[in-house]
Structures are given as C-alpha cells and as structure tokens.
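Novice: Residues in the sequence shown are numbered consecutively from 1, following the numbering used here.
Simulated from the structure, these hints should not be mistaken for laboratory data.
Just so you know, not all the hints are guaranteed correct.
Claimed, not checked - Derived Cβ-Cβ restraints for the label pairs, each shown as a range:
no. : residue 1 : residue 2 : range
1   : SER51     : ASP124    : 19 to 29 Å
2   : SER36     : GLY14     : 45 to 55 Å
3   : ASP115    : ALA141    : 24 to 34 Å
4   : ALA144    : ALA119    : 30 to 40 Å
5   : THR45     : ALA7      : 26 to 36 Å
6   : ASP3      : HIS132    : 43 to 53 Å
7   : ARG25     : GLU102    : 37 to 47 Å
8   : SER36     : ASP3      : 15 to 25 Å
9   : GLU128    : THR45     : 22 to 32 Å
Computed from a predicted model, the values in this text were never measured in an experiment.
Where a beta carbon is used, it is the ideal one built from N, C-alpha and C, also for glycine.
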Amino acid sequence: MRDDLHAAAEARLGDRRQRYTANRRAIIDALAAQTSPVTLPELLTARPGLSQSSTYRNLAMLEEAAVVRRIVSGGEHAHYELAEDLTEHHHHLVCTGCGAIEDVVLEPGLERRLDAAFARAATDRGFETDGHAIDIYGRCASCAA
C-alpha cells in the first residue's frame, strides 16, 4: 500500500514537473499514519524533523498535485489528509466548537443509495458528477459535555 501511495504521489508531482523530495515523502508518511485529518501543528508534532515553513509550502504543492486534500472547517487551522482516491471514500464529522474533524465511513448500501440520489439530482440539471463528499457539522462529545 505504501509503495503504491508513494508511486502515485511521485507520478502526480512529476505531472507538474515537481520532484518527490524526502520532505514530501515524510509528509505523505505522516499523513498516512493518521486516522483523521490533521492540522499543520499536529503534523509537525507527528514528524518533529519537519520545518513549519517548508511543510506548509510542501502541503500546498501536494494539494495542487491532488495528493493531499485541505479541509477548512472554520477552526483556527486547516486540516490535511491524503486525497480520497489514494485512500478510501469517507466523509467527515466537523466539530463547530473546537474544529476537530473525524473521518466517517458509511455502510456500502447507504453509499450506493446516496450516489444514485446525487446522480439523479445532477442528471436532472444536466450536471455530470465525479463523486461526492459530505461534511456533517455539530459538536464533538467533549464540546457537547
């Protein structure tokens, strides 16, 4: 899995005439080790050898190359995760209190029904779909307490 991930990242960066550097590889490894999207400070804590400015620039390039997805939730920091097509299809629970984001995988039958409903809505409007993403907003258990 990791080799496939690194090969995909290298190919996507190569398409933009960018190199797959050791720092970019370290960022990909750090994101792959996470169970949910992380902020830049959380990423730097996970990989103490990375510098903040370099990591921020590399995240921007990895986002541009469709290797990383940036999620802006209204919190203090954006969150980052690997692009969904490199991992698995999922959605997010977004806490409006603390800004935490948690991945949620829905059962396959529900995903198929959602895909069909979204495809019908799009087709009725002459729109061609590529996929969907659902972010559910509310308060996490800590903030709700």
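Novice: A separate judgement is required for each hint: does it hold in the structure or not?
Specialist: Outcome of the hint check:
1. SER51 <-> ASP124: 19 to 29 Å: Violated: the Cβ-Cβ distance is about 50 Å, outside 19 to 29 Å.
2. SER36 <-> GLY14: 45 to 55 Å: 29 Å, violated
3. ASP115 <-> ALA141: 24 to 34 Å: 30 Å, holds
4. ALA144 <-> ALA119: 30 to 40 Å: Holds - the Cβ-Cβ distance for ALA144 and ALA119, about 35 Å, lies within 30 to 40 Å.
5. THR45 <-> ALA7: 26 to 36 Å: Cβ of THR45 to Cβ of ALA7: about 28 Å, so the range 26 to 36 Å holds.
6. ASP3 <-> HIS132: 43 to 53 Å: Because 29 Å falls outside the window, the suggested range is violated.
7. ARG25 <-> GLU102: 37 to 47 Å: 26 Å, violated
8. SER36 <-> ASP3: 15 to 25 Å: 24 Å, holds
9. GLU128 <-> THR45: 22 to 32 Å: 41 Å, violated
When held up to the earlier numbered hints, the structure conflicts with 1, 2, 6, 7, 9 and fits the remainder.
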